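The primary structure of each chain is shown beneath.
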Amino acid sequence: MNIKILGSGCANCVNLERVTREAVAELGLDAEFEKVTEYADIASYGIMRTPGLVVDDQVLLSGRVPTAAQVRDLLAPLAPVAG
Amino acid sequence: MSLAERVGAGSATRRWVGLAAAAAVWVAAYELNVHLWDWLVFDVAGLDPDSRLGSGVHFFFYDSVKIGLLLTGIIFVVTVLRSFMSVERTRALLGGKREGVGNVMAAGLGVVTPFCSCSAVPAFIGFVAAGVPIGVTMSFLIASPMVNEVAIALLLGLFGIGPTLLYVGAGLVVAIVGGMVLGRVHAERWVEPFVFETRLRGQVIDSTIGLTWADRFQMGREEVVSILRKIWPYLLVGIGLGAAIHGWAPEDLFTRYAGAGNPFAVPVAVLLGVPLYSNAAGILPLVEALHDKGLPMGTLLAFMMAVVALSLPEMILLRRVLKPRLIATFIAVVAAGILAVGYLFNAVLA
Chain F
1 MNIKILGSGC ANCVNLERVT REAVAELGLD AEFEKVTEYA DIASYGIMRT
51 PGLVVDDQVL LSGRVPTAAQ VRDLLAPLAP VAG
Chain B
1 MSLAERVGAG SATRRWVGLA AAAAVWVAAY ELNVHLWDWL VFDVAGLDPD
51 SRLGSGVHFF FYDSVKIGLL LTGIIFVVTV LRSFMSVERT RALLGGKREG
101 VGNVMAAGLG VVTPFCSCSA VPAFIGFVAA GVPIGVTMSF LIASPMVNEV
151 AIALLLGLFG IGPTLLYVGA GLVVAIVGGM VLGRVHAERW VEPFVFETRL
201 RGQVIDSTIG LTWADRFQMG REEVVSILRK IWPYLLVGIG LGAAIHGWAP
251 EDLFTRYAGA GNPFAVPVAV LLGVPLYSNA AGILPLVEAL HDKGLPMGTL
301 LAFMMAVVAL SLPEMILLRR VLKPRLIATF IAVVAAGILA VGYLFNAVLA
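So the sequence lines, in the order shown, correspond to chains F and B. Those letters in the first sequence? Residues 1 to 83, per my numbering, in order. Those letters in the second sequence? Residues 1 to 350, per my numbering, in order.
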């Protein structure tokens, strides 16, 4: 699973990364994290408010910092099925 | 009703009852505030209300509580209301609109759309990539920081509905006309080229769908905490300065030098305001005290707009997408608009 955190370094993007790592740990997922900080790249995903959460090139959320539980709910359906 | 439904309905009722109770407490606190400090400062501490120390101290505490309450109340309400509006939806509404109509819509939307300085650049790129004309985008960028809820909350509480409406109206006009002017001079030639090459890939998601009332209240609470945490030093400095002026400056300090008759008052106010970086919260207590000492409302509103509309951090951020020429033009157009507003208000309100 490829997770990108979109944001240029303000407190919100740091918090988003933190709760996303929590959710990933809780779900036991194998995910690689990337930070996207260049504005051109951020805007190309179509979001207009940072922070943004992109998983496997799909924009899941933008503009606010969710709780770890909310990120879990967003990520759970995307987790690869074992076996 | 199933148990789950009953539990759900119960917590919804509790939420609204809780909100009503909080509102009642807020109103009570607001009304009792001045009496509390009258008693504490003048009766308990024994300070003389006519003395400089007495009135300065009273002002400091009374104003701090009053402004704290105003900020809490209005930020919460506005954040909840704004959670129904998203920048993505604004962009969809503005895409393809011509000049004129587009500028008016953009300015109006700039007021109601949630926006923070860190979003200025992605928002700008997003608007341009979606085909929103540059002048229309500028109207949005001018209106958004200027007509913000903190400014409105404080103006409402300190000066009443009249000056507040004037401020909002003037801010909208400056945004609309400023955006149109920038569109006329073909400001797009001064935008960094990569912005036009940005392709929006993937679907655009609307960040406001699926929000429950619990989510919205949560966002409201978080925004209050976040804003208060950011601005409380500015607030205390502003109120402290205001209290000092209130207590120690002579009543007609400004009418002698900067009263309505002095034509240089407005340009000086704007020139002072442009490089100053503060949010509305720090500036308004100062503005209130200056008003008490005789500075005309038009000059003060111009000063406030100049401080709030043009902030150095935002200009630095915008440098990523706007060439220096456009930034300079942007500042000049907005400053000119504010100057005009200042003169107009002084003439009208005199």
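There's no promise every hint is true.
[What the hints assert, rightly or not] Simulated restraints on C-beta separations:
(1) B:L236 <-> F:G9: 37 to 43 Å
(2) F:A68 <-> B:L228: 50 to 56 Å
(3) F:V14 <-> B:F194: 22 to 28 Å
(4) B:V225 <-> F:R21: 18 to 24 Å
(5) F:R18 <-> B:L228: 38 to 44 Å
(6) B:G95 <-> F:D30: 35 to 41 Å
(7) F:R18 <-> B:A332: 26 to 32 Å
(8) B:R325 <-> F:F33: 18 to 24 Å
[What the hints assert, rightly or not] Take a look, some chain B residues computed to stay more than 10 Å from chain F by CB distance:
(9) V34
(10) F61
(11) V80
(12) V87
(13) R91
(14) M105
(15) G126
(16) A129
(17) L156
(18) V168
(19) W190
(20) V195
(21) I231
(22) V237
(23) D292
(24) R320
[As the list claims (entries may be wrong)] Straight-line Cα separation of at most 30 Å, DSSO-like style, residue types lysine-lysine; simulated pairs:
(25) B:K66 <-> B:K323
(26) F:K35 <-> B:K230
(27) F:K35 <-> F:K4
(28) F:K4 <-> B:K230
(29) F:K35 <-> B:K323
Derived from the structure by calculation, the hints contain no laboratory data. Computed from a prediction, not measured in an experiment: that's the story for all the values here. Even for Gly, the Cβ is constructed at its ideal location relative to N, Cα and C.
Task: Violations among the numbered hints, reported as their numbers in ascending order - done: 1, 2, 5, 7, 8, 12, 13, 15, 16, 20, 24, 25
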